[in-house]
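Student: Heads up: the sequence lines are chains A and B, in that order.
Everything in the first sequence is counted per UniProt numbering, starting at 1 for the first residue and increasing by one.
Everything in the second sequence is counted per UniProt numbering, starting at 1 for the first residue and increasing by one.
These are computed hints drawn from the structure, not numbers from a lab.
Heads up, a few of these hints could be off.
[What the hints assert, rightly or not] Cut-off 16 Å, straight-line C-alpha distance, at most; resulting in silico cross-link-like pairs (EDC-like, lysine to aspartate or glutamate):
#, chain 1, residue 1, chain 2, residue 2
1, B, Lys595, A, Glu270
2, A, Lys199, B, Glu551
3, B, Lys280, B, Glu313
4, A, Lys115, A, Glu223
5, A, Lys151, B, Glu532
6, A, Lys210, B, Glu557
7, B, Lys185, B, Asp153
8, B, Lys564, B, Glu551
9, A, Lys199, B, Asp555
10, A, Lys199, B, Glu532
[Unchecked claim] If you only want the chain B side, here are some residues facing chain A, beta carbon under 7 Å, derived:
#, residue
11, Ile366
12, Thr367
13, Leu371
14, Ile400
15, Gln401
16, Leu402
17, Gln503
18, Ile506
19, Gln535
20, Ser536
21, Tyr539
22, Ile540
23, Ala542
24, Lys543
25, Arg573
[Stated by the list, open to error] Every beta carbon over 12 Å from chain B, so not counted as near; a handful from chain A, in silico:
#, residue
26, Pro72
27, Pro174
28, Ile186
29, Asn208
30, Asn211
31, Leu271
Beta carbons: idealized from backbone N, C-alpha and C, even for Gly.
If you want the building blocks of each chain, they are given just below.
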Amino acid sequence: MSTTELNTTLTQLQSSPPPSPQKIASLLSTAKRQLLTLNALLPTPSTSPQLLGLARATLETGALLSIRLQDPDAFTRYFQQLLPFYELPPSSFKPAGGGQRSKVTGLYLLLLLTKGDYAGFHTVLEGLEVEMGGSTGAGLEEDKFIGYPVKLERWLMEGSYDRVWGATKREGVPGEEFGVFSEVLIGTIRSEIASCSEKAYPSLPIANAKNLLFLESEGGVVEFAQGRGWVVQDGRIYFPLQQGDGVRSEKEILVASGQVIENTIGYARELETIV
Amino acid sequence: MPGERRNLRSSKETSSSTNGEEPRANSQSSSSTKDKPVPTRATSLKGKTLSAKKSAGKEGAEDKPHTNGTEPVENGINGTEDVDMVDDGPEKVKIGTNKEGEDEMTVVVPPPKSSKLSGQPNKDEEGDIAMENTDKSDSVSSNIDPKAKAVADIKANFILLERAVAQFDARFTLRVLRSISSIRKHLSPDLLAQVITQTYPSTSFVAKTLLAALGEENASFESLDVSSEMDIDTQAREKSQTTGKPTTAPRDVLPEVDTYLSILVQIHLYDTKATEFGAKFSSNLVERLRTLNRRTLDALSARVYYYYSLFFEQLAPLPPSPMASVVSIRPHLLAALRTSVLRKDQDTRATVTTLLLRNYLSTSHITQADLLISHSEFPAAASNNQIARYLYYLGRIRAIQLSYTEAHEHLIGATRKSPATPSAGGFYQAASKLLVVVELLMGDIPDRAIFRQPSLEHAMEPYLSLVQAVRVGKIEGFLNVVHTHNALFRRDGTYTLILRLRQNVIKTGIRMMSLSYAKISLRDICMKLDLESEQSAEYIVAKAIRDGVIEASIDHEHGFMKSKELGDVYATREPGEAFHDRIRACLGLHDESVKAMRYPMNQHRLELKNAQEARERERELAKDIVEGEMDDDDASGDFEGM
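For reference, chain A alone in the conformation it holds in the complex (with noise of 0.2 Å):
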């Protein structure tokens, strides 16, 4: 087994007119076990320089294609196979270089962004920073295609949402990969909004809300108002109230008051042991 063939499969991937989807996923599927024939799937110290670069680069196209193919879950998996490679230092692969780590790993921490793990995308985001900031003492969001989600976050913590509005457009998109997401932002970022709206305004204009949801007509606010059961009156759309708020405090004295009796009889619990 040579690493001729899996040239050819690789070279055949990355053609210019991608192939059909059915066509990639076999392809794939005979990349990855020509890799593994290789015994190149993981690396070891005794893998080869070109191996490993190949290697890498089998797994970065298939990374990519599955984003392409709207498959998070083995876009996931792919990422971590690659993650043994990247903590290689550069030098060691033949065609030497970080390879597309930086558009990859981009990728991934946008689809946790998404997928709304912020707890992973910190997690993931502190050991760039720890790596990145020992080396070169560069931010993060110099690069383009780790910037990118890291600003998203940003403004999706802050409330900026009109920034993140216009990052999914076609020219704040740095790859032809991460418009993929776009769609599925907005969605969230509308939502956000939605819920924003409801406890913010008393009563809203439908033109102010289009503008505010980024929705293209007005016929589509009175059709997102009634998916989330707002009251369209009069061209205004009026948000239903939060329960009463006499209903309400009672039911909260009612939780009080029995949180206030456990306390206590714990108290007395203690009490008791202690003496």
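On the provided structure of chain A, position chain B as indicated by the hints.
Tutor: Only chain B this time, still in chain A's reference frame:
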């Protein structure tokens, strides 16, 4: 009346007889504990089992007085009891002779018992003093310069270690480990070589490896050593014969002593920055330790692992890079963790867990660290310092994972448990820094008093300006602080956490505005917070309202934010919750202090015995009372007669 008095007296007797029983039970229990380690030791020793067993037995017998000597509290109790008994006895006999004959019988019985018993401890004490005298004379004779004193200290520690093995008591080992810091200053290759050559027979493999470890730096010394080894050895033997100290008699040296000396060598290599060689030496040492299964080694092996990992941390590819040499010891540490769990070795388990966490965090493998935490259980009985370390790492991981409340809890624990000695100041500073950042992330403003502590004042300065920036709620000021202290925050590993503070700054700014204005236009908010557009401001305010940061509503058409009036805080549940938190903390403190109390071994057996005896006595007493009713009449008659 007289009946009462008699009862009183008899109860006194019973109390005296309980006293009489106690020492005996004590001696029994102590002998039983003493017996235990002997077989384990014998089995673990290779070859010479017979002689070893014999010597162990001998040692156990000799060591017994030491318990009394080194545990002044127990000794004191025993002593006072003895005195009490002596005092009580004759008194009662006197009374007894004055009064009834029957009582006399019961009273007379205890004195011989007590005298027999009190005699034993007395003898022990004498033996103890004698032993201590020899110790002292030894140390005094060699107390000329600090070097000789260090040698004497190390040797004194051997005795402690032997005692720890014989009595199966980890406290002696801990005391030995505590003395390391004072010995550390005087460590030098020739000093250690001197100790080694005096302790081991020349054929010992361990001695050779230890000497080789030291000799690497001082090759000429090694040859000198080997040639003079025999001399020194014989000299030492002669000396031991003259002083009549049986501990230095030729026999196998305990693995505890081996390990102790190895730790000293490790420390010496570490202090002289012989990192690479130290790493090699430690690896071999760890390999050897893994073959030994002795509970008395636990505390020592924990220390060995500590230095082992410390050496590797300083080896060539330094931690932040994923190729760091610390990565290579992970399998060994994990294996050590597994073994220690199986052997119920609390010390090693705690130490290795914290070392692994430190290891993972140094290369920012946070996911692995998190998995380690979720799959392993930290021993609750670990030493305070290890718990503090563990809590710190746990707090760090949780902070990265955005569970700030949990992180806050752990970090509070870490700062409270951190040792107060100045040498541990670094840990306290690191934990406090992280705590301040986490508090900020939670939306709290840390107490000003934290920054005033003398041990923190200087180190926390950048964090103080950070807190001030967040408190004011100005994005510009915040970014300035982050920019100026960029390198420092990165070094402290708080940089990413601090970057997350941006949104908190904005939130604080909005809160300030909502508190000070009843109504404010979105344009003003935008200008005050240095935001880019009015639209952004609207979204941000809406999010702040949704997140419960402020109580307000937005009027979109007129573009302003209207604050709602704030209710009375004391009408809410908040004060009650704060109160509850404090009560819980106090109760937790109580529980912990109860748990931290130490009870002598086998005390429960003693109590059981006492309880049984008490029951028997009660029965006797009941019988006495039944029989004594007639006596009562007699006695009263007597009394009236008088």
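Student: With reference to the structure, classify each hint as holding or not holding.
Tutor: Going through the hints against the structure:
Our distance criterion of 16 Å between C-alpha atoms is met by B/Lys595 and A/Glu270, whose separation comes to about 15 Å. A distance of roughly 10 Å separates the Cα atoms of A/Lys199 and B/Glu551; the hinted pair therefore holds under the 16 Å criterion. Our distance criterion of 16 Å between C-alpha atoms is met by B/Lys280 and B/Glu313, whose separation comes to about 13 Å. The suggested pairing of A/Lys115 with A/Glu223 is violated, with an alpha-carbon distance near 25 Å, which exceeds 16 Å.
Restraint check for A/Lys151 and B/Glu532: the C-alpha separation of about 15 Å stays at or below 16 Å, so the hint holds. Straight-line distance between C-alpha atoms of A/Lys210 and B/Glu557 comes to about 14 Å, which keeps the hinted pair within the 16 Å bound. With a C-alpha separation of about 13 Å, the suggested pairing of B/Lys185 with B/Asp153 holds against the 16 Å cut-off. Among the hinted pairs, B/Lys564 with B/Glu551 is consistent with the structure: their alpha-carbon atoms are about 5 Å apart, no more than 16 Å.
Among the hinted pairs, A/Lys199 with B/Asp555 is consistent with the structure: their alpha-carbon atoms are about 12 Å apart, no more than 16 Å. The hinted pair formed by A/Lys199 and B/Glu532 fails the criterion: a straight-line CA distance of about 24 Å is larger than 16 Å. Of the supplied interface hints, the one on B/Ile366 holds, with its beta-carbon coming within about 5 Å of a beta-carbon of chain A, less than 7 Å. With a cut of 7 Å, the hint placing B/Thr367 at the interface with chain A holds, because the nearest CB-to-CB distance is about 6 Å.
At about 11 Å, the closest approach between the beta carbon of B/Leu371 and any beta carbon in chain A exceeds 7 Å, and the interface hint on this residue is violated. At about 5 Å, the closest approach between the beta carbon of B/Ile400 and any beta carbon in chain A falls short of 7 Å, and the interface hint on this residue holds. Contact between B/Gln401 and chain A, as hinted, is supported at the beta carbon level, the nearest pair being about 4 Å apart and thus within 7 Å. Residue-level restraint check for B/Leu402 holds (minimum Cβ-Cβ distance to chain A is 5 Å; threshold 7 Å).
About 4 Å separates the beta-carbon of B/Gln503 from the nearest beta-carbon of chain A, less than 7 Å, and the hint is met. Checking B/Ile506 against chain A: minimum C-beta separation of about 5 Å stays under 7 Å; hint holds. For B/Gln535, the suggested interface contact is upheld, since its CB lies about 5 Å from the closest CB of chain A, less than 7 Å. The criterion of a C-beta within 7 Å of any C-beta in chain A is met by B/Ser536, whose closest approach is roughly 5 Å, and the hint holds.
Against a cut-off of 7 Å between C-beta atoms, the interface hint on B/Tyr539 holds, since the closest Cβ of chain A lies about 5 Å away. Satisfaction of the interface hint for B/Ile540 is found here, the shortest Cβ-Cβ separation to chain A being roughly 4 Å, below the 7 Å cut-off. Evaluation of the B/Ala542 hint against chain A yields a held restraint, the C-beta minimum of about 4 Å falling below 7 Å. The interface hint given for B/Lys543 is met, as the beta carbon of that residue sits about 3 Å from the closest beta carbon of chain A, less than 7 Å.
For B/Arg573, the suggested interface contact is upheld, since its CB lies about 5 Å from the closest CB of chain A, less than 7 Å. Its beta-carbon lying about 18 Å from the closest one in chain B, A/Pro72 satisfies the requirement of being farther than 12 Å from that chain. Chain B leaves A/Pro174 outside its interface by the beta-carbon criterion, the shortest separation being 20 Å against a cut-off of 12 Å. The Cβ of A/Ile186 lies farther than 12 Å from every Cβ of chain B, with a closest approach of about 14 Å, so its non-interface assignment holds.
With 12 Å as the threshold on Cβ separation, the claim that A/Asn208 sits away from chain B is violated: the shortest Cβ distance comes to roughly 5 Å. With 12 Å as the threshold on Cβ separation, the claim that A/Asn211 sits away from chain B is violated: the shortest Cβ distance comes to roughly 8 Å. A cut-off of 12 Å between C-beta atoms contradicts the statement that A/Leu271 is not in contact with chain B; the least separation is 9 Å.
The structure fails to meet hints 4, 10, 13, 29, 30 and 31 from the earlier list, while all remaining hints are met.
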